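Using the sequences and the hints given, assemble the complete structure.
Be aware that the sequence shown starts at 421, since it is given in this note's numbering, and climbs by one per residue.
If you are wondering where the hints come from, they were derived from the structure by calculation, not from laboratory data. Please note that the accuracy of each hint is not assured.
Quick list of simulated restraints, FRET-style, between CB atoms [as the list claims (entries may be wrong)]:
| # | residue 1 | residue 2 | range |
| --- | --- | --- | --- |
| 1 | VAL425 | LYS490 | 34 to 42 Å |
| 2 | LEU441 | LYS476 | 17 to 25 Å |
| 3 | ARG473 | LEU441 | 17 to 25 Å |
| 4 | MET467 | LEU446 | 20 to 28 Å |
Straight-line distance between alpha carbons at most 30 Å, and here's what the computed DSS-like set of lysine-lysine pairs gives [claimed, not checked]:
| # | residue 1 | residue 2 |
| --- | --- | --- |
| 5 | LYS463 | LYS438 |
| 6 | LYS480 | LYS463 |
| 7 | LYS438 | LYS462 |
A quick note: this is a predicted structure, and the numbers were derived from the prediction, not measured. By construction, the Cβ of each residue, glycine as well, lies at the ideal position given by its N, Cα and C atoms.
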Amino acid sequence: MQVTVRDNNVDQALRVLKKKLQREGLFREMKRRRAYEKPSEKKARKMGEAIRRARKAARKQAQREGLIAKPRSGR
Numbered sequence: 421m422q423v424t425v426r427d428n429n430v431d432q433a434l435r436v437l438k439k440k441l442q443r444e445g446l447f448r449e450m451k452r453r454r455a456y457e458k459p460s461e462k463k464a465r466k467m468g469e470a471i472r473r474a475r476k477a478a479r480k481q482a483q484r485e486g487l488i489a490k491p492r493s494g495r
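Given below as structure tokens:
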């Protein structure tokens, strides 16, 4: 992963780096690995992640097919 520093603006480059790491899920992974995770907890987490992915895919598909309205951008 690479971030360029422009005009000696290290603060902006650090913000960009943190955003990239957040998007990659690195912080979540570090937090998860701090303590031991029981196999039952791991299984429950994996199932929850799979359910969230499936719901997101179904929502995207429904939006593409026009069954539900696309979300508005709040800006």
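Cross-check of the supplied hints:
1. VAL425 <-> LYS490: 34 to 42 Å: 37 Å, holds
2. LEU441 <-> LYS476: 17 to 25 Å: 21 Å, holds
3. ARG473 <-> LEU441: 17 to 25 Å: 21 Å, holds
4. MET467 <-> LEU446: 20 to 28 Å: 23 Å, holds
5. LYS463 <-> LYS438: Holds - the C-alpha atoms of LYS438 and LYS463 are around 29 Å apart, at most 30 Å.
6. LYS480 <-> LYS463: Holds, because 26 Å separates the two Cα atoms, which is no more than 30 Å.
7. LYS438 <-> LYS462: 26 Å, holds
Hint compliance for this structure: no hint is broken.
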